[in-house]
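Taking the hints as your guide, dock the two standalone chains into a single complex.
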Amino acid sequence: MKFNLYIFITLVMFMGTSAMLNAQSITGTVLEKDSAGKEIPVPFANVYEVGAKSGTQANEAGKFSFSLPGLPAKIVASSVGYVNDTIQITEIKELKIFLRKGATIEEITVESKRQSLGFSTVKPINVEMLTGKELLKAACCNLSESFETNPTVNVSYTDAITGAKEIRMLGLAGIYSQLLTENIPMSRGLASSFGLTFIPGPWIESIQVTKGTGSVVNGFESTTGQINVELKKPETAEKFYVNLYEASTLNTELNMYHSKKLNKKWSEMLFVHGNLMEKKWDDNNDGFIDLPLTRQLSIANRWRYDSGKRLESQLGMKLLLDERNGGQVSFDEARDKGTTNAFGTGISTTRYEVYAKAGLVFPEKPEKSFGSMYSFVYHNQDAFFGLKNYDATQKNFYANLIFQNTLGNKNHAYKTGLSLQADLLHENFTQNSVSVRSDTTEITPGIFYEYTLNAKDKFTAVMGLRADYHNGYGWFVVPRLHAKYNFTPDLILRVSGGRSFRRPHPLADNISVLASSRNILFTENIEPEIAWNYGANVTAIFHLFGLETTLNTDYYRTFFVNQFIADSYSDSLNILFYNLDGESFSNSFQTTLNLELAEGVTLRLAYKNDDVRSTYNGKLQSKPLVAMHKALANVAWEPNIKWKFDYTLLWEGKKKLAYSSAAGNENVPPAESPEFVTMNAQVTRVFKKWEIYAGAENLTGFTQDNPIISPENPFGNTFDATNIWGPIMGRKIYAGIRYSIR
Amino acid sequence: MKNIFLFAALILFSINLYAQNAEVKIKTSAICDKCKNTIERDLLFEKGIKKASLDLDSKVVTVAYNSKKTDEQKIRTAITKIGYDADTLAADSVAYSKLPDCCKKDVTGHR
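Sequence lines, in order, name chains A and B.
Numbering-wise (my numbering), the first sequence opens with residue 1 and increments by one.
Numbering-wise (my numbering), the second sequence opens with residue 1001 and increments by one.
Keep in mind the hints are simulated off the structure, nothing from the lab.
Quick caveat, the model's predicted, so the values are computed rather than measured.
Errors might be hidden in some of the hints.
Unchecked claim - Derived CB-CB ranges, DEER-like:
no.: 1; chain 1: B; residue 1: K1104; chain 2: A; residue 2: N409; range: 38 to 44 Å
no.: 2; chain 1: A; residue 1: K265; chain 2: B; residue 2: K1104; range: 17 to 23 Å
no.: 3; chain 1: A; residue 1: G408; chain 2: B; residue 2: V1060; range: 41 to 47 Å
no.: 4; chain 1: A; residue 1: E246; chain 2: B; residue 2: K1025; range: 41 to 47 Å
no.: 5; chain 1: A; residue 1: F687; chain 2: B; residue 2: K1025; range: 26 to 32 Å
no.: 6; chain 1: A; residue 1: V477; chain 2: B; residue 2: K1051; range: 50 to 56 Å
no.: 7; chain 1: A; residue 1: G408; chain 2: B; residue 2: K1025; range: 42 to 48 Å
no.: 8; chain 1: A; residue 1: W266; chain 2: B; residue 2: K1051; range: 33 to 39 Å
no.: 9; chain 1: A; residue 1: T252; chain 2: B; residue 2: V1060; range: 45 to 51 Å
no.: 10; chain 1: B; residue 1: K1081; chain 2: A; residue 2: E278; range: 57 to 63 Å
no.: 11; chain 1: A; residue 1: D705; chain 2: B; residue 2: N1066; range: 50 to 56 Å
Each residue gets a CB set at the ideal place from its N, CA and C atoms; glycine is no exception.
Bound-form chain B, shown alone (with noise of 0.2 Å):
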């Protein structure tokens, strides 16, 4: 039993070992806690991305990522594509308007 957690524990610490780690922190049109919460949870389905936080005071979302398997360009546009402005480039049309009322940018507060 021992010897399954030291494997398991060893696999990880090695894929940790080969991973290229990079940071990116990326402006969006986030506004309320069902924003944030989706953001951070699509991004983890986005090749090389491990890890998604946003600040909603900020709007800014930070993304630890592996830069071997993709790159600031793709995480933003997978943004875009979940519905939300990312930095200069404009929400994808089509998601922005499948977004949840809190989400969108005419409406202010939240609830």
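Isolated chain A, as found in the complex (with noise of 0.2 Å):
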């Protein structure tokens, strides 16, 4: 053992020893081309080596000079309003990096480490990015799944009955996050419990998680964070992809795009998605429908502008069809809808959005861009639950117009712009042989100023402040702060702490309350929710062993000043809803480990805590069917660019039930759901240009007992599909090919 110490110590301190003598001063210049191939210096960019300490920042003609440790070595240049350039250098010489424009309007994304799930060292925003990489890991199907390997935003179904999926950010549901396409709202009102549904999988490029409260640049929500998702892009995706996936469960998709560069300045590409279920599962024999049937049908067509001088556009549109059915068995829509023959559900989606971006650059002065996005959505929505229908229509107009640059110089910069969100909601509402229609107009101008103080590296700031007038309800202000400090460039501590507000929407934000024989009674007026959150993350990136290791970990808080309650605790034939009067917050705390074992091999290990409690009817109680303690552990395996292992274990703690009615009833649920393990694998196999892929999810069968209380009397007062607390269907194998053209 002694022996063992004493050869330990000496390896150390000849390692230490030969890394001096190794270290090598490196000169350079970062530079750009501009227009007409000119080779131009970028001042003040910085430059340091990929995970480790030294580094510097370039002078005002782009040169810059410091000391590595050893070769080869990766190193990083990166500048604000520039794409970073990571180039591995094998001999000493005088170096020129070549800097690219970042796009004008899209967040630059800092990449300092090629790590499927990267935590930025460099954003003073806690920022998790999901890769392309990441992305893969999960097959299927949309949005909803690409979350089933990340710690940080949980995914599940809200009922038995819909197949609607919630996510869950900080432990608050999905409508206190922020979606975003390409930093356009998407998810607001009536598209909140599906939206996630609606954007393929295979369609997105990558997906930045924003933890905690956002900047105010993307508008006065995002209570608990924000998740920008970009769909793949003309200029750099494949030129053709094909994706067809079929699963045990006899869910068949299939993925197509194609992009195409039409001159010099115009790309354009096409999307193409559908997926069909129509096979009736009961495996729990409870004579209800274990998972929807399904019919989606989307459509996107994007295009790209570039004019290689000043000017910079974006056009899209999208058109979505779909349509989802579920209840009991023997349910026939055409003869059993609006009867009490059988129950069944139905909602059919009709979506359309176009929207376009304008961007101008200012080559001699990188810094100052002037951004512009607006987008107009059409969305209707028929649903009926059984007997109750609901049947909506939003219209959505947005614009957003960004300016920024530098005060003075590249420590000073800010944003500044105005904003509008303009709403029409027609609802139409009908619960026992009683409808109720309501129509609302929001229409919300705002202002806003973000400053971003960038001290020698080592500190950042940003402050934000955001005015917004809505037309019911008046004045909002909004200040936000984010700060980061590097202790070194592998230990980092964030803070941020800001205000948010959001008009609810009870019916569309809680659609799945209605698959349940409860009546859905307001017993106030709805007023606005607000609430503030802060928090700290601290960022650590070391050698365990010589391997390289990240230690995310992160507290949170949010509590609300206001919240319109739907509490399923206190009248068991109603869910009430009202205005919060006492407490109502929410406290995270994560923490996550990524780990490479040896080349090739990484794991994940997560923890989480999550506390949320509310004040219902005058008792503060935790909220219901959220697990306090969550964790997940991910093991990726890939020997080499053919093969790809993946496997994913999710372990979720107890859950308070929603109260249910039926004492005496041999089906009344306990209090508490029970805690329980789910486990999914998939293995991919590369070809030049084909993949072909295997999976199961669910891999042990582990499912909720009676997920429905009382199926067999869907019309009496006890029925109820609301209370799922686990997975309702047990082990789904797919497989599916992708094949692509670069």
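This is the structure:
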């Protein structure tokens, strides 16, 4: 033992000395090519070695010099407004690093590590980046599955009938986080219950998950976080791509896209997606189908224009048709809808959206730019749940104008602009043969200013303030702060805090409550939801036995000044909706360890603790169906480019169930659900143009007993399909092929 | 669970022990990022090749390979079949004709 220790110490010392002996001084210039191909220097870029402590800032003429511990080494050059460049250095020579201008409207994606789940060490905001590699870990089907290997965002079914899925961040429902596609808010109002299933997985290029309060540039919502989805882009995507997927549940999916450069300035891309599931499964023999029958078709088309000089523009449109049917196996829509013969549900959605973005860059001053984005969405949803009906139409117009520049030098930057959210919502709700119609018009213009202070790369602070005027509720002021301090390049502390505001749409936000015999009862008028969120995060990158390890730990607290509560505890016959009177909060702690066990083998371990409580009828109680403790383990093994193996284990602790009135009934669920474990696994074989994959979800086939209460009497007053705490469907095996032309 | 990881790690290490590692630098006719990505990716599908990284400034691709499974000449041939020159070997004309515009030699500049 002693002997080994000596060897170890000698080795460490030897390695230390050799590193010192090998230290090399490296010099070079950071440049860009202007439109005429002329090389011009990029001033004040950051240049540093990947994962190491050495680094520097280039001078005004783009020149830099610093010492490297040894060769070969990877160095990164980055500068605001440019795409980072990582280069491998194998010999000492005068370097020339060329940076390309970043896209003008999108945030710059800073890639300091090429891991599939990247924790940024550069951004002041706590952002996790899910790249294409991470997204392929879940072969099926849409955005909601993309988070299967991600501990930050939890996805669960909201009821046993509709297949609606809800995300949770920091323990709170998805409506409190902001879902954006390419920085345009997309999942508001009616889209909040099924929005996740409207973005097919293969269309997604990457996802950025921001924890804690978001930037004021994207609006007044985003209490707990932001999820921004970047779709494949015509200038970088494969020329042609097709994915065919089939599951043991007989769910078939087909995705295709095609990208084309039309000429020097224009490029175009067309996406098509369809999925179909028409088999009625009832594995738990409760008379209800376990998975809704689904039919979805969506088509999207996007164009990009790049003048090569100052103007850059994008245009796009999307069309979506979605139908999902659930309920009793015997239900026949033509015969039984509107009767008590059999219980059925149907939700059909038509949605189209058009958007445009235009950006102006100033080649002589790269920090300066002007960006604008506009979108129009039409969303129609016709839904029935037994004898209840909910038909609604929403029209939304959104505009956001952003100007950014520096104040004097690059250490002081700002973004400022104007925005507009306009919504027209028509709702028609029927229960107990009584119809209520409501029309809501909301117009919310706003103004924002965000200042970024960058002090010697050690400290960055982003201070934002926005003010919005809502036609019904008046002025709202939203202050937000993000700050980051680098103790070393590999040890980073971030803090954030901010206010948010949101107009609740109780039925659209909680559509799953209709899958129960309980009636919806509004006991008060809707007041806007106002919340504060603050928290801190520590990211540490270190080498454990020579293996690269990332440890990310954070704690966030959200508390509501007002919340529109859906109370399922207090009244057995009704779900009560009212404004918060008392406390409502969520305290969320999470720690994630990513480590490379050997070359090609990565392990991720995560633990999460969510304490979410609200005041229900004067009593502070845990929110139903939220697990306080959760853990995740994921192992990925890539022996070479040809094979990929992936395995995920999820553990969820006990959850409190929503109160059920069925006293004395043997189907009454316990007050708490049991803890459980689910597993997923996947294998991919990669060829030059083909990829074949196969996998299994819920490997052990664990399912919740009695997901529906009183299934034999769906029109009685104890029927309830909303107490969902675990999987409803057993093991699902799937396989598929992808083909692409680069 | 722990045993599985140890086992997997062991296998990986033993594979590394038996391999005969070698490295070669080959000058190619790569022009833009697309060329770089194609060469780096496609080479990994060749038998015995473990790593490939291309430096666009010098156009040199550095290939790490197992000398028991392949040799320098086979690697050069593989590069020509992707559509690029490899040192003195000229690119396969059929593969070259299928390259994206920015990777063809007569076109200068890239975007």
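Okay, the hints, checked on the actual structure:
1. The hint said 38 to 44 Å for the Cβ distance between K1104 of chain B and N409 of chain A, and at roughly 42 Å that hint holds.
2. Between K265 of chain A and K1104 of chain B the C-beta distance comes to about 20 Å, which sits within the given range of 17 to 23 Å.
3. Our hint of 41 to 47 Å for G408 of chain A and V1060 of chain B holds, since their Cβ atoms are close to 42 Å apart.
4. For E246 of chain A and K1025 of chain B, the hinted distance range of 41 to 47 Å is satisfied, since their beta carbons lie about 45 Å from each other.
5. Between F687 of chain A and K1025 of chain B the CB atoms are about 27 Å apart, so this pair conforms to the stated range of 26 to 32 Å.
6. About 54 Å separates the C-beta atoms of V477 of chain A and K1051 of chain B, a value consistent with the hinted range of 50 to 56 Å.
7. G408 of chain A and K1025 of chain B have their C-beta atoms about 46 Å apart, which keeps the hinted 42 to 48 Å range intact.
8. At about 37 Å, the beta-carbon gap between W266 of chain A and K1051 of chain B stays in the expected band of 33 to 39 Å.
9. The hint said 45 to 51 Å for the Cβ distance between T252 of chain A and V1060 of chain B, and at roughly 47 Å that hint holds.
10. At roughly 46 Å, the beta carbons of K1081 of chain B and E278 of chain A sit outside the given window of 57 to 63 Å.
11. Our hint of 50 to 56 Å for D705 of chain A and N1066 of chain B holds, since their Cβ atoms are close to 54 Å apart.
Of the hints listed earlier, the one the structure fails to meet is number 10.
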